[in-house]
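Asks: Chain residues, written in single-letter form:
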Amino acid sequence: MLKDLGYASTLTAFLVSLYSITAAAVGKKQKRADWIESARRGLQLLFPLISVAVGALLLLILGDHFEIAYVYSVSSLELPVYLKAAALWGGQEGSLLFWVWCMAAFTSAAVRRHRFEINFQAVFVLITASTLAFFLLIVTFFDNPFDSLWQLADGSTAAAFLQPSFSLPVIPANGQGMNPLLRHPGMIFHPPMQYLGFVSYVIPFGFAMAALITGQVDNRWIRLSRKWSLAAWLFLSLGLVLGARWAYDVLGWGGYWGWDPVETAALMPWLTGTAFLHSIYVQEKRAMLRRWNFVLITLTYLLVLFGTFISRSGIISSVHAFASSTVAILFFGFISLTAVFVLLMLYRHWNELSSENAVQSLLSREVLFLLNNAVFTGIALVCLWGVLFPVISETFTGQKVTVGPSYYESATGPLWVVVLLLMGIAPLTVFFRTSVSRLRTMILFPAAGSAVVLAILLLSGMRSAAALIGFTVLAFTTLVTLAEFWRSIHIRLSRGETIPQALKRTFSRNRRRYGGYLIHLGIILMAVGILGIELFQQDTQQTLKPGETLALGRYIVRYDDISFYETSGGIQQAKAEVTVSTNSRSAGVYLPRRDYYPSWGQSVTVPAIRSTLQDDLYIRLIDWGETKAEGVTLKLYLNPLFNFLWLGTGVLVLGTLAAAGPLFGRKEEKGKEPHACVSTD
Amino acid sequence: MPVSRQTELKSKLLPFLLPPAVLPALLLALLLLFMAVPIHAASAQEATPPPDDAVNAVAAQIYCPVCDGVTLDACETKACEQWREDIRDRLAAGWTEEEILGYFAEQYGDQVLAAPPPRGFSLLIYIVPAAGIVTGAFFLTRSIWRWRTQGQEEARTSIRVPNQEAKTADGKHDAEHTGE
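Those protein sequences? They're chains L and U, same order as listed.
Our numbering puts the first residue of the first sequence at 3, with every later residue one more than the last.
Our numbering puts the first residue of the second sequence at 9, with every later residue one more than the last.
The set of hints was computed from the structure by calculation and includes no laboratory data.
Note that beta-carbon positions come from the ideal geometry of N, C-alpha and C, so glycine has one too.
Incorrect hints may have been included.
Straight-line alpha carbon distances no greater than 30 Å define the calculated DSSO-like cross-link-like pairs of lysine-lysine that follow [to be verified]: (1) L:K630 to L:K547; (2) L:K229 to L:K287; (3) L:K402 to U:K86; (4) L:K630 to L:K577; (5) L:K229 to L:K506; (6) L:K547 to U:K86; (7) L:K287 to L:K506; (8) L:K630 to U:K86; (9) L:K547 to L:K506; (10) U:K86 to L:K577.
Some but not every residue of chain L turned toward chain U, in silico, with C-beta under 8 Å [what the hints assert, rightly or not]: (11) V361; (12) G380; (13) V384; (14) W387; (15) V393; (16) S395; (17) F398; (18) G400; (19) Q401; (20) G406; (21) Y409; (22) Q543.
Please build the complete structure, drawing on both the sequences and the hints.
Replies: So, in structure tokens, the structure goes:
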């Protein structure tokens with residue numbers, strides 16, 4: 003029985019995680035290396051154990067075992083196989099199991115990859131096994147994906163693992179199917195990326211705690227954490243962008259980001275994680291910010307837990323809150339406990355963490371990195387306040403309120419400008435002290451270039467202050483970054499290297515720096531897309547009879563026809579046919595659609611999008627009559643420059659790979675692999 | 009003479025010195041005129057109801073009272089369709105945007121507004137970030153300043169810094185970053 007196998011392995015995994023915690027604690031206390039080693043092996047065992055459970059659940063879903071409550075609630079016969087597979091994380095119980103599986107994979111990889119000093123290992127295992135145990139506790143006893151459906155004596159239906167007395171098993175012929183909003187290819191990629199991003203932060207957090215508690219507070223934990231936090235950051239970035247794409251394609255409001263609490267909660271660890279990537283660099287180069295790095299990684303980890311809590315508990319309702327369960331209190335307890343624990347540890351070891359160096363000049367890279375950290379953390383806290391305020395307000399005054407985009411945009415907007423500006427200034431500075439004359443020569447060209455951009459924008463009639471500031475700052479930052487590349491390539495070319503050689507060696511000589519700059523270029527492109535849609539989006543809506551047109555920007559949309567279908571899965575589709583033209587030249591036929599899911603009583607808009615680098619025309623079918631002649635109501639959105647967001651994401655991924663791995667450079671030298679913390683005791 | 013002069017003056021001012029009965033009549037006429045304007049305007053609008061774009065402009069500022077996190081212009085439920093029609097009717101009747109927003113807030117609670125109205129407890133949503141940013145900036149500036157003072161003292165006793173400065177100032181920009 004798959005159900006029993008799945009549950010048995012989850013339960014075993016939970017018990018093993020408890021064993022690992024105990025063995026690590028005992029081993030550390032009694033200085034018994036064999037116990038600590040045993041704890042590590044226990045931790046490694048979790049991944050195969052949870053894999054069995056995940057495999058069992060997947061087979062149950064693919065095999066249409068609707069007697070399992072979870073399968074019944076997220077899948078149905080007519081779902082395509084790829085969505086059935088994605089149903090693994092389509093609901094509360096399955097997604098928690100998937101979450102814990104990803105985390106087990108990461109922790110197991112971490113203890114396999116690195117050889118730790120034994121005390122360090124004990125604490126690392128203790129911290130990661132505790133987190134895993136917490137999630138396994140929830141999956142095993144509260145949100146069990148292997149519960150079956152039973153008909154109780156009073157006729158009601160309940161989900162339980164074991165058969166309640168006087169009950170009969172219920173075997174539905176078909177499941178409820180997946181929430182229509184989730185039936186999208188994005189469902190395959192967005193949640194796993196988001197979860198991977200979330201869970202991988204447990205590794206640097208584990209390193210930080212191990213370093214703090216064992217007193218190994220030098221730079222070793224930072225070096226260990228670097229690649230893990232870069233990977234976490236990449237996954238989180240991809241999770242956010244894929245989520246934005248999904249919202250754009252599925253939610254049908256012509257936008258990609260609504261400052262919904264769940265979105266905002268996913269953004270917060272990204273913000274502090276970004277700050278962390280910069281601040282560990284300062285610690286490595288200047289032995290500064292040692293306390294701050296502990297605080298920052300803890301904050302990131304707590305925000306990860308908070309983000310999971312928000313999206314899984316339904317405490318703050320949002321479009322994502324298809325989940326509502328009893329785990330809220332447990333989560334709240336775990337987050338508080340972790341926070342108190344870290345605070346205690348920091349308090350105990352605070353004096354060991356004094357920085358070795360101080361700032362020598364305000365015009366130094368460390369000061370700018372510090373500002374970057376302050377601004378990123380500031381944005382994260384502003385977001386946290388926006389997410390928490392409705393809960394606080396309801397608790398204290400009973401008044402429910404909504405904190406929408408206007409709050410976030412006005413509160414974080416200026417801070418984003420500062421971030422972009424810092425991104426432009428920091429590369430011009432060096433550590434310790436930047437000479438003013440050097441800065442002056444380096445800033446001249448980018449400053450002049452961005453002034454030209456500003457002049458062109460003004461001459462072209464742009465009067466929006468936000469756009470003028472935004473694009474000028476972006477131009478400045480772009481020029482500074484490109485100049486950095488140019489300087490390195492130029493020197494190499496003058497030494498007689500070919501262009502590909504120069505490019506390759508630029509990255510391989512210092513992949514962290516130039517990878518970072520490539521990420522910056524990606525962020526700049528993304529910012530262009532965001533400014534485009536945020537500041538210049540236009541929309542219009544009208545009811546059209548056949549042959550009538552609706553104009554928006556450079557586009558003219560003509561309504562031609564409408565047709566109605568019913569799919570084999572019982573989905574009722576209304577599909578309009580419109581012809582789009584620009585400058586009296588046809589740009590093709592588009593088919594905006596509305597799908598109605600009778601069993602869910604829910605309809606989903608499937609917009610038709612004409613995508614170019616210049617802009618996106620987003621066509622949404624709002625309403626229609628029973629016949630073609632009665633006409634349709636269309637809503638059009640024009641999203642200028644929006645594709646730069648996706649383009650920038652591609653550059654960002656390349657940059658991260660360049661910064662992290664040997665994609666552009668030589669393989670990592672064996673001696674350089676930071677097997678930190680080896681045998682210091 | 010004074011009498012005739014008085015009458016002369018009166019005749020000159022006649023247009024301004026109206027008999028007592030005329031004034032209320034004029035006022036009434038004015039009042040009617042003002043009342044007639046909105047009635048006229050409203051009836052003119054009834055003939056062509058406000059376009060969808062006008063309705064959406066208001067609806068975009070109101071969150072759906074039944075489905076969380078979705079604005080009324082984008083919401084696809086039947087209820088929201090009716091609310092949009094409600095907005096259209098009110099616009100047609102000459103309501104302003106603020107009046108309609110106020111009406112919805114009164115009917116369904118402040119949570120239908122995109123941001124809490126800045127009064128009472130809700131003022132905190134605006135005050136706290138502003139105060140936080142100002143306080144944060146203050147402490148950051150102060151601690152950087154202190155660090156610098158401390159650092160400058162250290163620099164005086166260190167020979168490392170001039171070297172570093174020389175290294176980076178003479179064009180070897182890559183020098184500081186060589187190591188991974």
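Asks: State for each hint whether it applies.
Replies: For each hint, the structure was consulted:
1. With a C-alpha separation of about 8 Å, the suggested pair L:K630 and L:K547 falls inside the 30 Å cut-off, and the hint holds.
2. Between L:K229 and L:K287 the CA atoms are separated by roughly 16 Å; this keeps the pair inside 30 Å, and the hint holds.
3. Among the hinted pairs, L:K402 with U:K86 is consistent with the structure: their alpha-carbon atoms are about 23 Å apart, no more than 30 Å.
4. Taking the CA atoms of L:K630 and L:K577, the gap is about 11 Å. The hint holds against a cut of 30 Å.
5. Proximity of L:K229 to L:K506 is assessed by CA-CA distance (about 21 Å); at most 30 Å being required, the pair is judged to hold.
6. Our distance criterion of 30 Å between C-alpha atoms is met by L:K547 and U:K86, whose separation comes to about 23 Å.
7. Between the alpha carbons of L:K287 and L:K506 the distance comes to roughly 24 Å, so the proposed pair stays at or under 30 Å and holds.
8. For the hint linking L:K630 to U:K86, the alpha-carbon distance of about 22 Å falls within 30 Å, and the restraint holds.
9. Restraint check for L:K547 and L:K506: the C-alpha separation of about 58 Å exceeds 30 Å, so the hint is violated.
10. Distance restraint check for U:K86 and L:K577: the Cα-Cα separation of roughly 19 Å lies within the 30 Å cut-off, and the hinted pair is therefore satisfied.
11. Interface hint at L:V361: satisfied, since its Cβ lies 4 Å from the closest Cβ of chain U, which is below the 8 Å cut-off.
12. At a threshold of 8 Å, the smallest CB-CB gap from L:G380 to chain U is about 6 Å, leaving the interface hint in force.
13. Using the Cβ-Cβ criterion of 8 Å, the hint placing L:V384 at the interface with chain U is satisfied: the shortest such distance is roughly 5 Å.
14. Taking 8 Å as the C-beta cut-off, the interface hint given for L:W387 holds, the closest approach to chain U being about 6 Å.
15. With its C-beta approaching chain U no nearer than about 12 Å, L:V393 sits outside the 8 Å limit, and its interface hint is violated.
16. Hint on L:S395 holds. Least Cβ distance to chain U is approximately 6 Å, under the 8 Å limit.
17. For the restraint placing L:F398 at the interface with chain U, the shortest Cβ-Cβ distance is roughly 7 Å, inside the 8 Å limit, so the hint holds.
18. With its C-beta approaching chain U no nearer than about 10 Å, L:G400 sits outside the 8 Å limit, and its interface hint is violated.
19. The interface hint given for L:Q401 holds, since its Cβ lies 6 Å from the closest Cβ of chain U, which is under the 8 Å cut-off.
20. Nearest Cβ of chain U to the Cβ of L:G406: about 4 Å, under the 8 Å cut. The hint holds.
21. For L:Y409, the suggested interface contact is upheld, since its CB lies about 5 Å from the closest CB of chain U, less than 8 Å.
22. Hint status for L:Q543 relative to chain U: holds, with the closest Cβ pair at about 4 Å, below 8 Å.
Violation of the numbered hints given earlier is confined to hints 9, 15, 18; the remaining hints are satisfied by the structure.
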